[in-house]
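Number of protein chains: 2
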Amino acid sequence: MSFENAIHARAILLDTMSLEMCAESGSGHPTSAMSIGHIVSVLMYRTMRWLPEDQNNHTSDRLVLSEGHAVPAVYAAMADIGATVDWNGEPVQLNREHLKTLREDDSPLDGHPNPMEGVTFFDAATGSLGQGLSVAAGLGLAARADNTGRKTYCIIGDGEAREGQITEALDFIMDHELTNVLPIFNCNSYGQAGAVSEQQSPARLAAKLEAFGFEVATIDGHSPNEIKASFDSFNKDGRTQPMAVVAKTVKGWGAPSMQGGNWHGKPASGKQLETVLSELRQTGTKLTSSMAMDSIAIPAPLDSAPHVSTVNTPMTFRQAMEKWDMLTMLQSGKMATRRAYGVALRALGYTNENVWAVDADVSNSTFSNAFGNDPELSDRFVECKIAEQNMYSVGAGLSAAGKIPFCSTFAKFITRGYDQIEMAINSGANIKVVGSHSGISLAADGPSQMSLPDIAWFRSFGTIKDRHGEPGCYVLQPADARAAYELTHVMAEHIGCCYLRTFRPDVEMIYDESTTFELGGMEVLTQGRDVVIVSAGYMIHECNKAIDELDRMGVDATLLDLYSLPFDEERLLDIVNENNGNVLVVEDNYGASMGSAVADACTSSGDAFTVKQLHVTRIPKSARSPESILRMCGLHYTDITQSAASLLGVAAT
Amino acid sequence: MSFENAIHARAILLDTMSLEMCAESGSGHPTSAMSIGHIVSVLMYRTMRWLPEDQNNHTSDRLVLSEGHAVPAVYAAMADIGATVDWNGEPVQLNREHLKTLREDDSPLDGHPNPMEGVTFFDAATGSLGQGLSVAAGLGLAARADNTGRKTYCIIGDGEAREGQITEALDFIMDHELTNVLPIFNCNSYGQAGAVSEQQSPARLAAKLEAFGFEVATIDGHSPNEIKASFDSFNKDGRTQPMAVVAKTVKGWGAPSMQGGNWHGKPASGKQLETVLSELRQTGTKLTSSMAMDSIAIPAPLDSAPHVSTVNTPMTFRQAMEKWDMLTMLQSGKMATRRAYGVALRALGYTNENVWAVDADVSNSTFSNAFGNDPELSDRFVECKIAEQNMYSVGAGLSAAGKIPFCSTFAKFITRGYDQIEMAINSGANIKVVGSHSGISLAADGPSQMSLPDIAWFRSFGTIKDRHGEPGCYVLQPADARAAYELTHVMAEHIGCCYLRTFRPDVEMIYDESTTFELGGMEVLTQGRDVVIVSAGYMIHECNKAIDELDRMGVDATLLDLYSLPFDEERLLDIVNENNGNVLVVEDNYGASMGSAVADACTSSGDAFTVKQLHVTRIPKSARSPESILRMCGLHYTDITQSAASLLGVAAT
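Which chain is which? The protein sequence lines are G and X, in order.
Sequence positions in the first sequence follow this note's numbering and run 1 to 653.
Sequence positions in the second sequence follow this note's numbering and run 1 to 653.
Treat the hints with caution; some may be incorrect.
If chains are identical, the list can't say which one is meant, so a pair holds when it fits in one copy or spans any two.
Stated by the list, open to error - Only pairs whose alpha carbons sit at most 25 angstroms apart, straight line, appear in this in silico PhoX-like list of lysine-lysine:
| no. | residue 1 | residue 2 |
| --- | --- | --- |
| 1 | Lys612 | Lys465 |
| 2 | Lys334 | Lys612 |
| 3 | Lys266 | Lys334 |
| 4 | Lys236 | Lys545 |
| 5 | Lys545 | Lys612 |
| 6 | Lys100 | Lys271 |
| 7 | Lys334 | Lys323 |
| 8 | Lys323 | Lys271 |
| 9 | Lys323 | Lys545 |
| 10 | Lys271 | Lys286 |
| 11 | Lys612 | Lys228 |
Calculated from the structure, these hints are not laboratory results.
Every value quoted in this text rests on a predicted model; they were computed, and no experiment measured them.
Isolated chain G, as found in the complex (with noise of 0.2 angstroms):
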């Protein structure tokens, strides 16, 4: 039997396969996944290296699936090939019954690839669009570094290239001349509501891709034999250029009835799906002459010993100040918890092998240049340019390949990898999300560089349960920079997402050595019984200026470092208890944050509590100093003096 028409076998079967579980399920994309089964079949049968039954092996070669909807190809591949995966807890080698499942509540074979619901064969969940090229960038470096051999394949829609993300990717793969990496683009001409757009034709985004330096081969998608072509070149001893593949397909390939604009997520079921079956037999009959299968005959990964990461003890801050002559700024007794974290990145570089600096363009702001500057650890910083999307799923891939990334930039422009970081959540990536700058304390830049609503963002995926167990995010707000360089080895010991939230000026040290810092802490740093003000990071520091200042008044407040979210709520409510149930909360970004998460725990115990929240209720500006700033703001420490005091029906003077 001839490559060819094996793989015309094999693609009509993967189709049918596709056509039959989207029609049990309801729903699904089986137009999109019959535009790819050819490329999929030449993967998964002829060109990956991997192993069905150990698909995360450290050698085999991955295929992230960007445009996730078309994720039944994979599925019908996998239970062809008997592919393991992990079915609540049990391997289970994948069968075409199984198929059947798809998107069912108890099915690992949800509606997009997600590696959390069991399918090890991804390193990502996708299915929100434009995201994988960059996981697959962060795998690409991952298996550089490690010297792997394994190289990544990632398909992207052509609809869905329209996402910026996908060309903050291309530029990222020439910066880092990532040549293990191949983007493959499926031209099928239909999005969801229409046409593709010109600016997405095979033709154009070619041309693009050749004008962002890429050697591109533009390929009939359902050609076996070019398919393989340029995947052999892809795989060519000594490639220098970064390639990328533009294959012409068509949606609903093999079936004319399915064809056009009005078929994409839509099913056929009853005696259309019978009319479509039979379309795609008509198909393979005049392509190929035997429709028999061949066998399977996936090549095996390299063979060679996984690279073993050392983690050694960590440094403690002291160590690590002295190592690198910083025992004077130590002693000064000032610094910023950007600073700090930059220290202790760096220490985490020397003592655990795993960890990754990854930065947009402001290490010099975040100060992971700490780590990118020493030349004992460039190697793992990794220098993605104002491209923050990007940054974030390419965490996502390093995560998928055993690294630990801390991504670091502003906070404020975090915003821009929100959903970036989701999909990163959801995928169970071991990412760490550190901001600089962040609320309002960077004052004269004004609110373009301040984080505000993030604390409120973060704080939701608090709320919930991650597939190990753990909230989908611990919210880090270090008051000083022993708390940030502690919290900093916190975030790297702690498998999930985390995120670090420092900011701008230089502040006291307020924490010795005896202090503990863990998940979900907290630390009582001036013992009260009025009232108890409860704050983290920056405004730590202006609330000991209130605590004074409502000492001199008679009043012994009580002020609570709440530097995690979640927190222990049971050890919250016994100090606001013994306040008096009186509760000011102190934050400089705005509502629905750190105040509502207090609140929530107050009232979930039925008891009487007054919690009153100041927090940032204007859109702020420019400011010249963070005293103007927290003034402009009514945050100053004369607004939290005059706020407790109210709050407790004393006059302040």
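Given the coordinates of chain G, assemble chain X onto it according to the supplied hints.
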């Protein structure tokens, strides 16, 4: 005085003023400003047609400074020209003395452009990078529709050009043949942390732009003649191909000691400032024999009558359903909220000429195609394809031109544009964000298509006031078709950002014509006395079933449709008090959302309330039906019943 000399002299003046104002403020980006001194001089003194005393004149050309940090150059030109700003409510003719207030808390001269702080020369707040070109495209669309002849110029940094949104905007400009928008890439070779990537070099950018379909002029960005020639070419009559300019510039032009990679975002001061200013003077002497200023001669805008949009009395829901032959559906008593939104949008299209519909390739899911497919309205329907970031900034641009853009996509995919939406809110944009398929009720597609932390994020803006004194955003969750119809109209009448959340399934209509919907409103659907169940959107229907169950158990529960966030807190507290302080909040998204908003209100009162929150507490996966996923997430009506019963200490039967 030759044109060339005049522009050199003017550029050196602007550069000098940029240096001085940044020195005065102690922060800012003078070197970036100096790299665009010549471009700004040619634009603002010779090419743009505008009125310094009436910058928002409907035919005035526009400048969008996408790299907002370079704003000192524009402030300098405005001061030199004596353009008007709004200074705390008073019109003030800007002069050189005013520039000293850069970044002060009571100055309109914010760190980055923001029309809401008084500099209405700008249409939108910029500073979070990569967004300006999309804003310019929105302005261009509106200018073409209104036939004002306005041109829009947009200056984009080379490092900034890495942001994927820029390519989204380029594709958009090509799709919509916007020959009235000119992207100008300022290639000064340096980003913040280092040199700009080769991927954003002038040659590479020019090649990319050509591949995107643009006519490209690569020029010396400090050559007055080359700049002018490129702008003249852009403005030539009969242009059919969009054009772009790639300008090679020098960061810190004119002052060698401030050039190179280490001067990003740093002002010179003291002796250094003197040196730099002296270098600038020397550069001037070399370039132009006469540094004397010529007279300022700004071309006046075109003379045309402003376009007046008609706004008529809105249609009622029934009228609209009748007009479009949908009475059968109305009589069926079941309809999805997203479908009702489509009807409302179409009705608005007929009665309010300012209303535009914008979508991202999912108009057949969001039902904005009801507007787009209507030949009477299709001119005001904007297809953005799969590029959400661009969509929201285009919306901001449309809003700046007086339109009311309704931007629709899946609620999940809105996440892609959170940064853009926040900047639109900062800009005071009158933008309506509409997300369909919200929450978990779409079931089968799985979490990559579900909006889950969306309420937390949008609600955060509801805790602040924008510069109109209105909440930064209203979150609206209609429970049925009529509510969706009415709330769409309410949004259109409100000036500011609203987020409307529709869902996929058809649901029963529960409201009749007697109910009035309003921002901040709520509606008691069942009056009880034991416990108030607070919910919104899809979950109202599940709660309704629980109310029946509870009734059978002898529990007299209240059902409150809290369709607006923020809401009238006193009214909520009254209702809670009528129900013994027992509250159960039910929502089909992650926490930190509506339940927290209720907790915020309850704890601020100081009374004892018990608030139990039912929300999604796991990362969902696919399930085949809403019922199945509700069970998976513990939000089935039986779960609601049990929670309410356990809250009251009643045994569930």
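Self-check item: 25 angstroms Cα threshold - placement of Lys334 relative to Lys266
Solution: Intra 61 angstroms, inter 22 angstroms, cutoff 25 angstroms: inter-copy only.
Quiz item: Between Lys271 and Lys286, at a C-alpha cutoff of 25 angstroms, which is it: within one copy, between copies, both, or neither?
Solution: within (23 angstroms within a copy, 83 angstroms between copies)
Practice problem: First find the shortest C-alpha distance between Lys236 and Lys545 inside one copy, then the shortest across copies, and answer within, between, both or neither for a cut-off of 25 angstroms. | Solution: Classified as neither; 66 angstroms inside a copy, 63 angstroms across copies.
Quiz item: How would you label the pair Lys334, Lys612 (within, between, both, or neither) given a Cα cut-off of 25 angstroms?
Solution: Result: close neither inside a copy nor across copies, 30 angstroms intra and 43 angstroms inter.
Practice problem: Could you figure out if Lys323 and Lys271 sit no more than 25 angstroms apart (CA to CA) within one copy, between two copies, both or neither? | Solution: neither (74 angstroms within a copy, 35 angstroms between copies)
Quiz item: Under a CA distance limit of 25 angstroms, which applies to Lys545 and Lys612: within one copy, between copies, both, or neither?
Solution: within (18 angstroms within a copy, 36 angstroms between copies)
Quiz prompt | Intra- versus inter-copy proximity for Lys228 and Lys612 (alpha-carbon distance at most 25 angstroms) | solution = neither (66 angstroms within a copy, 58 angstroms between copies)
Quiz item: Can you tell me if Lys334 and Lys323 fall within 25 angstroms by alpha carbon in one copy, between copies, both or neither?
Solution: within (18 angstroms within a copy, 70 angstroms between copies)
Exercise. Classify it for me, Lys100 with Lys271: is the Cα-Cα distance of at most 25 angstroms met within a copy, between copies, both or neither?
Key: The answer is within: 18 angstroms in one copy meets 25 angstroms, while 77 angstroms across copies does not.
Practice problem: Up to 25 angstroms between alpha-carbons, please classify Lys612 paired with Lys465: within, between, both or neither. | Solution: So Lys612 and Lys465 pass the 25 angstroms test across copies only (18 angstroms; inside, 28 angstroms).
Practice problem: Go through the copies and call it for Lys323 and Lys545: within, between, both or neither, with a Cα cutoff of 25 angstroms. | Solution: Neither: 34 angstroms inside a copy, 65 angstroms across copies.
This entry does not satisfy hints 2, 4, 8, 9, 11, going by the numbered hints stated previously.
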